[in-house]
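Asker: The residues making up each chain are set out below.
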Amino acid sequence: MALDAAELKRLKQKARQIREEIVKITYTCGGAHIGGALSQTDLMVALYYKFMNIDPKKPELANRDRFILSKGHGGVGHAVVLGDLGYFDKETLKEFNKTGSPFGMHLDCLKVPGVDASTGSLGHGFSIAIGMAIGARLQGKKWRTYVMLGDGELQAGPVWESAMAAPHFKVTNMTTIVDRNMLCIDGSTEEIMALEPLKAKWEAFGWKVIELDGHDFNEICDGIELANASKDQPAVIIAKTVKGKGVDFMECDKKWHYAGLDDVTMNKALESLKKGAK
Amino acid sequence: MAKGITWSIEDADHMTQAEIYGEVLTQIAKKNKKIIAMTADLAGSTKIGRFQKDFPERFFNVGIAETNMMGIASGLAATGLIPVISTFAAFAALRCAEWVRTDLCYQKRNVKIIATHSGTSFGQAGTTHHCTEDFGVMRAMAGITIIAPADAYETAVAMSQAIDMDGPVYIRIGRSFEPPLHKSIDSFDFQIGKAIQLHDGTDLTVIATGRTVNGALEAAEIAAGQGLSVRVLDLHTIKPLDTEAILKAVMETRRIITVEDHNVYCGMGSAVADVIASSGKGCVFKKLGLQDVFSIVGYPDDLLHYYKMDADGIVEAIQQVMKMDFEQDEDWEDEV
Ligand SMILES: Cc1ncc(C[n+]2csc(CCOP(=O)(O)OP(=O)(O)O)c2C)c(N)n1
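So the protein sequences, as listed, match chains A and B.
Residue numbers are given in our numbering: position 252 of the first sequence equals residue 252, and the series is strictly consecutive.
Residue numbers are given in our numbering: position 178 of the second sequence equals residue 178, and the series is strictly consecutive.
These aren't lab readings, by the way, just hints derived from the structure by calculation.
It is possible that part of the hints are untrue.
To be verified - Short derived list, chain B residues pointing at chain A, Cβ under 10 Å: (1) T39; (2) D41; (3) T67; (4) H129.
The structure presented is a predicted model; accordingly, all values stated were derived computationally and were not measured.
We put the CB at the ideal spot given by N, CA and C, even for glycine.
Bound-form chain A, shown alone (with noise of 0.2 Å):
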């Protein structure tokens, strides 16, 4: 169903909010993965803005929904999230990177308030939010468990040693998320190791696959409704994406994974997004 005008309007406001934020801190945090963190920024604005039940001045809370980002490098846009949303003093993230900081580019779960399991080493974080979600249901607790992959990340292969799991064990009340911007580091996916047919893939591992623009709300939030409506078997989202999303000279390029930026990109990449919105 459409979102109405207001609903939708404050999403992508929000979402661009984040993004500005992203690129303010990578200027002063000296270098993070800022593509990544741009291409994902959507999704995560859907799940924490609209979704995901939970009190970030009680980010311990039994009942809470979990979110694992397993493509950790994206800590820097979960940072922002978590520090918007009031987890922790949002003046602490000038602290990022730094000598001493509770931040570095991949989040530590015992430092940052928000973070439910200390990823960065790609292909530990699925099996976590397995384990999570698992414990929850023999536990009786009706919370939901949220993961987020990248797409460079399926490429590694605990991920799909997760993926056959959860069919297995009929772990449905867990929503997986795949960045699918088409980007790893060192270039495409499908030149360094290919995907495709990445759809069939998860099909053939009993998943129920819904694909669709990771960059439009209206689709995100029926995504996430109907997967998380999936009671015979668990679901994951293809969410197509642009990686540095929102900043036209970072957007599918490689060369954006992770980077610092000076004042005169930094200006550039606030007026691009500026731009963007409009």
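Using the hints provided, position chain B with the ligand relative to the given structure of chain A.
Answerer: Just chain B with the ligand now, with coordinates in the frame of chain A:
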């Protein structure tokens, strides 16, 4: 010119350890057609991509699939080729530990691993991307050679000698630029398994490895200003260990400090401790490095300081160790 060098490098003073091994490997591969290079979506970050430019047909990027890479390398080596593979230390040593043991070491495969971003050298990335356990993991594997070069020059020679020898080799380097320790490629005698004595001394020996060697040398100079005579050993090979140089340090200085960008449990210091204990001699001993903790986030140089692995930390340790007593043995004079 050091033995067996058939390649040349310019501007090594300004190269990172990763840049230089990429360059040297590519040059060696011009003559040695058996060399195959591999990475796991880190061609650019590890600099093995340099090889890809010249030899695309002998280069394999397996995507983000490190264990698969180890297994394929084992198979390639079984056919007589020499795979040289590069990824971050955390993935090479920890994620792939069992592959390295069973597919490379147990089967005696001639595979060379270049583990980059080791220790805390990728400081801002945080613990998932640090690797302060690899000496321990790798040392426990029978038949592997472990080298931690201190600068770009040593990395170049280590790369070259690793290719010349048979069997699995693990070369551990950092992420970014390390100040050159040596003046040129032929100003030092690098032999796998032989420590390099950088500074002689009689009061105490500092044994350092990898990116901590520069600080050790600096500390020895500071200590000299305080009237102390400090020997510095660059223990670039962790396995096989230069027991002779360590025993000599025990006998001649009776005080040893080890420094490594690694957990002090199971690291280079523990290897040195084995030798000291076996010697039966009294020796004051202190291990610098991460004291069984997970590393914090920070700039790489700050972390060296934070964990007392830099010149300041080493000088402080020297002062402590000089205040401690060792038990004199009766035949002390005979041993020297
Ligand atoms: C096991 C492992 N191998 C290698 C890396 C280094 N690395 C960090 S990000 C990345 C590429 C990830 O690509 P993708 O999952 O598509 O992320 P995105 O494009 O969304 O940033 C790699 C290889 C890692 N973090 N973990």
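Asker: The structure should be examined with respect to each hint, and the outcome stated for every one.
Answerer: Hints, one by one, checked against the model:
At a threshold of 10 Å, the smallest CB-CB gap from T39 (chain B) to chain A is about 8 Å, leaving the interface hint in force. Checking D41 (chain B) against chain A by beta carbon gives a least distance of about 5 Å; that is within 10 Å, so the hint holds. Interface restraint check: T67 (chain B) against chain A, minimum CB-CB distance 6 Å, threshold 10 Å, status holds. Here the hint on H129 (chain B) is kept, as its CB sits about 6 Å from the closest CB of chain A, short of 10 Å.
Of the numbered hints given earlier, the model fails none.
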